[in-house]
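Number of protein chains: 2
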Amino acid sequence: MTAQPFRGILVPVLTPFTASGEPDMGRFTTFCRWLLDQGAGGLAIFGTTSEANSMSPAERMALLDRLIEAGIPAEKLMPGTGACAMTDAVELVRHAVGHGCGGVLMLPPFYYKPVSDDGIFAFVAGVIDKVGSAALRVYLYHIPPVAVVGYSLDLVGRFIKAYPQTVVGLKDSSGDWNNTAALLDRYPGFAVFPGSEVFLLDALRKGGAGCITATGNINVPGIARLYAEWEGPRADALQAEITTVRKTMQAYPMVPALKRVVAHFHNDPGWAAVRPPLLPLNEAQSAALIADLAKIGFTLGERRQKAA
Amino acid sequence: MTAQPFRGILVPVLTPFTASGEPDMGRFTTFCRWLLDQGAGGLAIFGTTSEANSMSPAERMALLDRLIEAGIPAEKLMPGTGACAMTDAVELVRHAVGHGCGGVLMLPPFYYKPVSDDGIFAFVAGVIDKVGSAALRVYLYHIPPVAVVGYSLDLVGRFIKAYPQTVVGLKDSSGDWNNTAALLDRYPGFAVFPGSEVFLLDALRKGGAGCITATGNINVPGIARLYAEWEGPRADALQAEITTVRKTMQAYPMVPALKRVVAHFHNDPGWAAVRPPLLPLNEAQSAALIADLAKIGFTLGERRQKAA
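Chains A and B, in that order, are what the protein sequence lines are. Residues in the first sequence are numbered consecutively from -19, following the working numbering. Residues in the second sequence are numbered consecutively from -19, following the working numbering.
Treat the hints as calculated values from the structure; they're not laboratory data. Heads up, a few of these hints could be off.
[What the hints assert, rightly or not] Output of the computed footprint for chain A on chain B, the stretches with three or more beta carbons under 8 Å from beta carbons of chain A:
1) 28 to 35
2) 65 to 75
3) 82 to 91
4) 100 to 112
5) 126 to 136
6) 254 to 262
Glycine included, each C-beta is placed from N, C-alpha and C at the ideal position.
I would like the entire structure built from these sequences, with the hints used as guidance.
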């Protein structure tokens, strides 16, 4: 197995939109830099939390171009390349590799259901073969609650065997700890990132690489502190603290809720915009969410200071 | 409600691929012409059966350009415009309207789950408003077994009320006759096409517009005969006959099986190619399928002669 380009807390970065609904290049770049400054180990731009599948491939590539121009280090970037068509996936992966991105996060093709492991293998292997780059590092993106189609344990093993230098990790957003634990048990050296910090300590104790979590958009310092101190005496207390933040957020639709929190704490109302089919929180939900976060003592600023 | 541009048997046309995996423009054009010659009332190119979501928007638009250049009448075409991103959907719809297509078949955005009716409404309404053409005719594409996200009965009513001149019909591939019947009962004048000829006679007896069916790729004459004679004495017998063909096909993965049948009867083995994540039938499956069709007396040639 190859050296691992990513460890720690990776953030599936929210994508801001302008008032007219276009991806907001300026806000996006500023936000990515802020996340890295807060201690993010990498930026998994263009994931589910990023509303990536609500953007065309051209829109995603333009955002990546802009980040690179703005000086965000390519090796910190793990762009999602989710697409139902191999032609689109090849174009997105080639573009990311061309920029020197540390890796890509690859959804299985998610339109057809049911689809066999052989069919998913043919798709992903086809993309890897067509891109044909030794620099490519693929992280499989397993999120059956949304994509429905997922990577079975056996299929992951087939990829590791067929592409040991290329398929080097997986984000497990199944929400099923048993699946994450089984991956860690069966494939040592393979970089497994749970898709929620709720499982971070358990994963680290079994050799996990960190986590890639939506809530990283608002809580990198808290989550990174546990990552830094997971072998220390405060580990369980730190886990409890970040779990409380996560559970508070999970009571609301996650993407609009995260954008509302960013809008609130960054004092930038325009940040709350989402693209259909997602909808922004209404006023009542927004007020309840901010109140819930206040109740648990969460503020973006305080956290940042505590971590500093 | 506006005049209906489509009635009868519409075919979600299979997309042939070349040996190197590209959409095969020549075979596609020939096949579309053959389907119209057989009596298809329209061609719902770029649906699920067409592997449309396994093609990039650019590939789909190039195929449509080619059909128009080849003289296939635009008013007979109902291209699917399935996309998760509004930007892609707008581009595909605008392109179809620009060619004067009779209508478009529109999937809901199918990545995010769960998603609210309000969110789906915002997406589809956003596409219609951005395209902003009085010539646009939208047929909603309801196929929850594959897309998972679907159009609820109430949501269909919202579209009819908001866009009476534009949202004029629906393909119901739910496989649930009760849903089709409820649509026909609640929205008279709205063009409801069951997604399988198994429900054709029942639908016609309740005011249905015809059907849009995968099996049309191999059995337009048989299905069109029932459509022509549904009020006559042979109706139930003709329904039984086409149901037998459908059930025989349904024992196999539908898209690869249809392509195998086309390859066999058109004596053109290259037709069997599919794009990942779909896989072609293996040799044993192919032989069993052809034998099953022989058992029920089905051949493409005979059907065509009978219908003539």
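Open item on the list: Taking 8 Å as the Cβ threshold, is the statement that the stretch 82 to 91 of chain B is covered by chain A upheld or broken by the three-residue rule?
Closed with: holds (count 4)
Task: 8 Å C-beta test of the stretch 126 to 136 of chain B against chain A, three or more residues - done: holds (count 4)
Open item on the list: For the stretch 28 to 35 of chain B, count the residues whose Cβ lies under 8 Å from any Cβ of chain A; is that count three or more?
Closed with: holds (count 4)
TODO: Closer than 8 Å, Cβ to Cβ, for at least three residues: run that test on the stretch 100 to 112 of chain B against chain A and report holds or violated.
DONE: holds (count 4)
Open item on the list: When I compare C-beta atoms, does the stretch 254 to 262 of chain B have three or more residues closer than 8 Å to chain A?
Closed with: Contact hint for the stretch 254 to 262 of chain B vs chain A: holds, 5 residues under 8 Å.
Open item on the list: Please check whether the stretch 65 to 75 of chain B has three or more residues whose CB lies within less than 8 Å of a CB on chain A.
Closed with: With 5 residues closer than 8 Å to chain A, the stretch 65 to 75 of chain B meets the three-residue bar; holds.
Of the numbered hints given earlier, the model fails none.
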